Amino acid sequence: MSTVLEQIEQQIASLSSKAVKKNTGNIRSVADGVAKVDGLSAVMYNEMVQFPNGVIGIALNLEEDEVGCVVLGDVSQLKEGDEVTTTGRLLSVPVGKALLGRTVDALGQPVDGKGPIETKETYPVEKIAPGIIVRKSVSQPLFTGIMAIDSMIPIGRGQRELIIGDRGTGKTTIAIDTIINQAKINQVGLASKDPKFRPVYSIYVAVGQKNSNIVRTIAALEAAGALEYTILVAAPAADNPANQYLAPYSGAAMGEWFMENGMDALIVYDDLSKHAVAYRQISLILKRPSGREAYPGDVFYLHSRLLERSARLDGKGSLTALPIIETLAGDVSAYIPTNVISITDGQIFLETDLFNQGIRPAVSVGLSVSRVGSAAQIKATKQVGGKLKGELAQFRELAAFAQFGSDLDAKTKAQLERGARIVELFKQPAFNPLPIELQVSVLFAMQKGFFDAIEVKHIVAAASALKEFFTTRQSEILTDIRTKAALDKDIEARLQSACEQWKSGYKA
Amino acid sequence: MASRVKPIRALARQLLKLSVVDGVVSPERVAGVLAYLEKSRPANQVPVLKAYRRLIAVEIAKSEAIVEHAGPVTSQALDAIASDLSRKYGRRVTAIARPNPALLAGLRVHVGDDTYEASVAGQLSALAAAV
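Protein chains in written order, with our numbering: chain A, 153 to 660; chain B, 8 to 138.
Excised from the complex, chain B in its bound form:
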């Protein structure tokens, strides 16, 4: 099992490297990789594609800041968040707004595996856990 998974992961990682330009996933490169896979049809094509998809999704998530908000958020605020995070992570991060009334007030920002909690709901749940 492990011996079959290892080369699949290795190939998927190699394909990911080819798909990233300056720390950002390039749609053109991804299209090129997919065309190459379609043409060459390597062994275990489906598992390779699945592993590649997962790696690409993780990589995209690293350069996308999902900004959950309860109230209105201005485009200036989104730009400020994006530039702050770009500086922090050392790569270009774009901010995408997503309304979430369950937050009550404030923001929650997801970048890859990191979550920045600045919402009332988050503070209340932290308070509930501490009590």
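Bound conformation, chain A alone:
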């Protein structure tokens, strides 16, 4: 028997003293967050490599006699000749519900000072997007809480809808409003204990933003009670370009966890213009050939592989993406905007002129489109807002024509009056998303002419009064609209009488 034990002990001894094989190299040069490494002959593309002092990097350029690695940590600790080791692993980030309410960096490490995050799972940052077979077409709505968008440019779960516009036109506000609206819907839905209710969790990826802006976003989400349903991935302007390049992919990995586990998630990439700039910086330092606007040749693939990861999966959940692109002087024909426009399923175009005229959100109805969202729009919204886009486009055309000052016929005048009222109705303050049932009620009142007698300058106040009336005194109708998602004859009659009641008591 003792021989058997000895044999086992020998086996243990041979295993415990077994040499560990590593593939190594040495730093040849370090500059601008990129290390050129000699050796590493067995390294794989996108593999994580280990530098001294716990610093990690990613092998991005595999050349004949050297490897270009982006460093994801403190470059100042590295020097020429330092040993670099392959890890055999792809870069992964922690995923799961434990990340909700937290702010993390591009590697998923907490940066909010709230302590460590207890997660069991990690997902690779780079992952091949779901294929055709596992996908399902977009058919469930994702309400933004912004009346102009939900009624005219509806978004569905699993859709990629671009938010595009110049600086200071309210792009981030639309994204934050959408996140806040998801939180509000989640609160109502989870409280109702409806087994069919599917909450939407949000991920906000801040790329190349000022730290003060990120703090403001966190404060806005916290004030609205939306932080507990949101993960913030921060790669601020002060972060190295490698982290800014990785942050959207890390966010996508976190979102994929919800999607793969049968939940719905929304991800906001704020913004992909800065992401492309960070990638351009890395590519130029890696001496990759540059093309148009000095971007590398694979800048399209940079965004297409990211946005293709948003999908609705058959039998599982969905990941909806709201990428943001900043244009210069409204030029949507620039390189990055055209790329992302062609990848996404539609765009919400925000105009500086509209914003300056006080029309906020400054959504340009003519240039905005949702290619798949109408399939996800609820019947109630279609019933009351089906023709809105056409009416508003017609109004814009007529308004331009009417500027010439010629006499207008009664029909044209009526169209202009109606259009002006619709524009006023769509004005909405920031961080104040409207529940869909309230949107339907207001649009119903507009459609039935309850605002026709009110002066245009008083429309905003009247709409607020109507919303308050419905919320405080007609909450049953709102609940019915929310649960049935359609206007049957009974609801229509009740809406009509409620609007009449409001109108009789309303004084401008």
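Derived from the structure by calculation, the hints contain no laboratory data.
Wrong hints could be hidden among the right ones.
Pairs of lysine-lysine residues, derived as DSS-like cross-links and limited to a Cα-Cα distance of at most 27 Å, are as follows [as the list claims (entries may be wrong)]:
no., chain 1, residue 1, chain 2, residue 2
1, B, K95, A, K170
2, B, K57, B, K46
3, B, K69, A, K170
4, B, K13, A, K439
5, A, K609, A, K539
6, A, K231, B, K69
This one's a predicted model, so the numbers in the text were calculated from it and none came from an experiment.
Given the coordinates of chain A, work out where chain B should sit on it, guided by the hints.
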């Protein structure tokens, strides 16, 4: 830049091929290559020589096992390491001992880009990284 580097690398690779016999760098062949370069003086001679030197150094490193050790290592142990590695890589590998007290105990063997870590210092650093 890239167009200038490409032919230099190609020539250096060609010279390397001429310098290797049975997977091992032959000093005679290297001497012959150097004599040829001296005589023919190709364009970009210095960059070609530098690229050639780098390739030769990589090739030599592939057939040399640097055995770092903290305690004493017998010649039999070195021979055993050399024969094991020769079998593993399919080419003749020679073992060269190099004392390194920082390892505390055990061995660390470098062959080309591969490192075999069997030292106490290596185990301690792996433990520190895991904690």
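Taking the hints in turn, this is what the structure says about them:
Distance restraint check for K95/B and K170/A: the Cα-Cα separation of roughly 16 Å lies within the 27 Å cut-off, and the hinted pair is therefore satisfied. Under the criterion of a C-alpha separation no larger than 27 Å, the hint pairing K57/B with K46/B is consistent with the structure, at around 17 Å. Restraint check for K69/B and K170/A: the C-alpha separation of about 22 Å stays at or below 27 Å, so the hint holds. The suggested pairing of K13/B with K439/A holds, with an alpha-carbon distance near 15 Å, which does not exceed 27 Å.
Using a Cα cut-off of 27 Å, the hinted pair K609/A and K539/A holds, with the two alpha carbons roughly 23 Å apart. Only pairs whose Cα atoms come within 27 Å are accepted, and K231/A paired with K69/B is accepted, the gap being roughly 25 Å.
In summary, the structure agrees with every hint in the numbered list given earlier.
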